[in-house]
Amino acid sequence: MPEHMPFASRRGLLFGAAAVSAGALITGCTSNEPSDSKDEPAGNNQPAADDKPGKQVTIGFAGPQADHGWLNAINDNAKSRAEKYSDVTLEITEGSNDTAQQIGQIETLINKKVDVLVVLPADGKALTQVGLKAMRAGIPVVNLDRIFNTPQAYRCWIGGDNYGMGLNAGHYIGEKLKGKSGARVIELAGLDNLELTKQRTQGFDDALKNYPDIKKVARQAAEFTVESGQAKMAQLLQAQPKFDALWNHDDDQGVGALRAIEQAGRDDFLMVGGAGALSAFQAIKQDDGVLKATVLYPPTMAASAIDLARALGQSKGIGGLAEFEIPSSLTLYSAVVDKTNVDQYMSTGFK
Amino acid sequence: MTQPVSPPLDSSTDKVPPAGPPAWRGLLIRADVRTLSLLGVLAVLILIGGITKPDEFLDTRNLQLVLTQASVIGVVTVGMTFVIVSGGIDLSVGAIVALASVWATTVATQEYGFAGILFTAIVVGVGCGLVNGVLIAYGAMVPFIATLAMLASARGLALQITDGKTQIVTVPSVLDLGERDAYVLGIPPLVMVFAVVTVIGWLVLNRTTFGRRTVAVGGNPEAARLAGIDVRRQRLYLYLLSGLCCGIAAFLLIVLAGSGQNTNGNLYELDAIAAAIIGGTLLTGGRGTITGSVLGVLIFTTITNIFALNNLQSDVQQIAKGAIIVAAVLVQRRTASTT
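In order, the protein sequences belong to chains A and B.
The first sequence begins at 1 in the UniProt record's numbering and counts up by one.
The second sequence begins at 1 in the UniProt record's numbering and counts up by one.
For the record, the hints were derived by calculation from the structure and aren't laboratory data.
Computed from a predicted model, the values in this text were never measured in an experiment.
Incorrect hints may have been included.
Claimed, not checked - Simulated crosslink set (DSSO-like; lysine-lysine; CA at most 30 Å straight-line):
{"hint": "1", "chain 1": "A", "residue 1": "K198", "chain 2": "B", "residue 2": "K53"}
{"hint": "2", "chain 1": "A", "residue 1": "K242", "chain 2": "B", "residue 2": "K53"}
{"hint": "3", "chain 1": "A", "residue 1": "K216", "chain 2": "B", "residue 2": "K53"}
Whenever a hint applies, use it, and build me the whole structure from the sequences.
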């Protein structure tokens, strides 16, 4: 696919490979090295990629409306990562949850002739056409998280692993409850009309199949909000007088869920969260409540998307990989963060 | 809208009873078919809950839970009932709850503790109600439009204040109010607030000039004006009242959820309108009861509770909720036309 594109010229590739070998470009996003924790978005704290200024790149960023802690962290990560590079100019549109509005914004960025586009679509399927349009106009697209319908609409996709979240949460709970016969597990899911919620549940159920002694006895869907988390969890606690573990899909609704647990005076089970909010990390570190771990869906993916876009604009590959080009897709790992490794992740926690 | 068989004011069972018969006797006779049918629905639900999940449903803690969960939306619905009875509508209640809750929980406000949070929530609620009221009463805007505009801007402002972040409450005295230790005689403080708002709402609508004027404005604004009622001022007060209820509800929500978030109060406007309509309030105004609205809220909360206890998924819950709205209104139509 990329052979007709300017950035894939042979000379470009050679230069790119040379430049990349000088420094690890993307290591910041894959490395687990602890970083100084300062109160700023995580992207800045990661070990530096190749900071040497290269060719000037203008990146167009069309992000989501930040009406949720995680989405807000996405925007913050993208912005602060771009500020880090003197050779990157970020053209940012106002975040939007409205498909039509976002299509308009992306078309504006195409008309401005940005070098690379980073798009977190309000709806991946609905925005496929405008992704195709950008690619046809010769602007490579980095598709962030919510995936377009066809690989033709993006040069590179980077996003989280919803199935993996469920899988890792299920395995963590499975190991913790090992040896306990007749263990009961419940699930507080996210918004049920989202595909990602089904994937998270599927992963969870698949993981639990490895542990025949564990039975999932209840599942209720909340709405990713604190209010819905509190309401649904209060009901679940009433419905299940006794259970051993709870998986909650989202740390933001987890704030409400923890509140309901506290109000009901329950502490007879272990809880695993999802996403990686700062408040969840702090609770895990303090270790004085039911929350023992959370599975990541890291918002640092937005910082990585900027790195990938910069690499694309400068026709470079990724440090640490033998390839001359950046990959066509990158699925992040949903690491389990518990007391043993929470310090390492603290700086990536979003509010 | 089908009009009641008799003129609205006379068919309203909540209008001020003529002096004479003892209050209790009057109340019993006046407990109209509509209220009884709602109580019947609630009884059936309780029966279903008791049969399907006897241990979990018929439990003191569950009763406390259902009432607590009804409190926030219940307070909003009391305010909404007044507005609808006056022939108006308030689409901004959910957004006002969101704005009031995030403003009251921003860190700067939390430094002033309990009083700071309570005061801010109420001032923001009343402030939004004031804007609604002025636009509708003196700007001659249609309530639907004015409150739709408030919905949009209050949600936007809430998002701006929070920057999408969840404002976690760190004031112990606020949080303690939601804890089991704070229950008095087994009644959670939130439920007490809900009960007090309900009783005051009932008294104001049924026993005061303000209430009579509200019904009159909703029944026929022109006739009310000719009868010497300052219709504009009355409307202003009503939206202020709805805003006040939203402010109180926002505080209750802060206690309940321990945080402020711009997504708070999502779709409260529809829940409150649905509860009021189920309760027999006419969307065209002129008739409505606080008792009916509160029963409507309790019916919805009980349904949600039974669904959750039986582990039914949200799609089933939504379908059933819709079916129950239709069924309740149909039952009321029948009973209303036979009285």
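Exercise for the section: Return the numbers of the hints above that this structure violates; sort them in rising order. Expected result: Those not satisfied: there are none.
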